[in-house]
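A.B. asks: Spelled out, the chains give:
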Amino acid sequence: MSEQIINSPCGVKGTIGFYPGCSLKGSSSEYAQSVLAVAKAFDIELQEIQDWNCCGSTAAHNLNKELALSLSARILALSEKQGLTEVVVPCAACYNRLTVTQHELNNDAALKQRVCDIIDMPIKGNLQILNVMQMIDKYVADRLEEKVTTPFGHKVACYYGCLLVRPHNILQFDRLEDPQSMDILMKRSGAEPIEWGFKTECCGAGFSVSRTDVVAKLSGNIVKDAADRGAEAIIVACPMCQSNLDMRRPQINEYLKQKIDIPVIYITQAIGLAVGLSPKEVGLQKHFVPAQFA
Amino acid sequence: MINNQKSIHELQLHTGVNVNRCYQCGKCTAGCQLADEMDFPPSMVMHMLQTKDEELLQQLLNSKTIWLCISCQNCIERCPMSIDIPHIMDYLREKSAGEHKINRQSRDIVAFHRAFLDSIKYTGRLYEIGLVAGYKARTFHLTQDVVLAPKMYAKGKLPLVPEMIKGTRNIKGIFRKTAP
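Just so you know, the sequences run in chain order A and B. Numbered according to my numbering, the first sequence terminates at residue 289, and the numbering increases by one at each position without gaps. Numbered according to my numbering, the second sequence terminates at residue 275, and the numbering increases by one at each position without gaps.
If we strip away everything but chain A, and leave its shape as in the complex, we get (with noise of 0.2 Å):
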């Protein structure tokens, strides 16, 4: 396996739009922080884009397909207008979101001139959308290791899910069933990623408050398996999976009849503690699993 990031893609250093997305606005919050205080260690700077508005989600590509494309589109055009060239997603949902958009957009003109008019705005649909890995890999890539201060020294289960790696022929990142991008950065982070076998299982996503009990149960499987194989903390990049995985630990442990205490922390707080950030500044104690590493 090379130590290089699959399908990362490359170009021209030129001004990083940032795009929070809803969750990062509120129950994620703490994703965010992690995101700015490790993009700030490493001196990359992210404009945040203006007046962004939400990608849909779910809930717009399973009611309307066209409500859906438009609203991603929206904040495509509004990347562009503000003249940036790339945008770091850090939540999974909006980065697939995004993506998926303009690829639809670039292979239907009718329907790109359709959502243009739609949104009232025009759209070139060349913005390049990195996700946090992406980001940390073309920005920072081999410094990770020099800045690393204290290695995040724990067994670590890294957890994709669906939205980062799949579709593929659209996203074109990393592998499919065994993806290894998070794996090698957090080995660089010094940790000790472990084999296991839920890497790309969904969660539950979007059925966290209309079926929780469907989330108990695929997270359920998750976080045992994790744990199962020996992890002391499973590393995720999407806020959906984060509270799903750490806000339904109750009804987790109740499906799994046990209790299971491992905690959920996102890649950006791993990371952050291994340059030397304290616990604090990438918002550790905002999760409710509590998530303490001495």
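Derived by calculation from the structure, the hints in this document are not laboratory data.
Straight-line distance between alpha carbons at most 25 Å, and here's what the computed PhoX-like set of lysine-lysine pairs gives:
1) K133/A / K76/A
2) K212/A / K246/B
3) K267/B / K216/B
4) K182/A / K35/A
5) K20/A / K216/B
6) K20/A / K246/B
7) K250/B / K20/A
Beta-carbon label-pair distances, calculated as ranges:
8) K254/A / I97/B: 50 to 56 Å
9) H236/B / Q45/A: 34 to 40 Å
10) P175/B / Q108/A: 34 to 40 Å
11) S273/A / H236/B: 38 to 44 Å
Think of the CB as a built atom: it goes at the ideal place given N, C-alpha and C, for glycine as much as any other residue.
We have chain A already, so just place chain B on it with the hints.
C.D. replies: Then chain B, alone, in the frame of chain A:
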């Protein structure tokens, strides 16, 4: 059986998927994490569409399956023919909602989606308190998660005031122009 070539043609026109390419290997169902909750697992959905039987199409529009599909995209990735089943699910959901054929037991799921979209419509961004309030108003699950919200607030995860964007008129225009 009422043969409905037209519906299947329409499906292909909207999704670009030719349902006849499926040869029923069953890998989609094997990998689907929600299959055991569904009334018709994904491979059966494909077969029902292949029959072009109007009655079976109506059963799908009224099924739990289409709302339980969580769009995790596992089926398309494992399909040896790369058939875009998630796209078919999106199409069937939109059609089901448009024709008022939503499965009774799936109403909570749809209520959540609608409360979600309502929140975006008025503020441009998701307002989590508004989302949950809207969901509870639609479903009458008034006491669900009442212990969670104060804990979230205490941890700084639940802003009390919605973030309004400047382009709310633009957003409302998007909702108006894409209204079914």
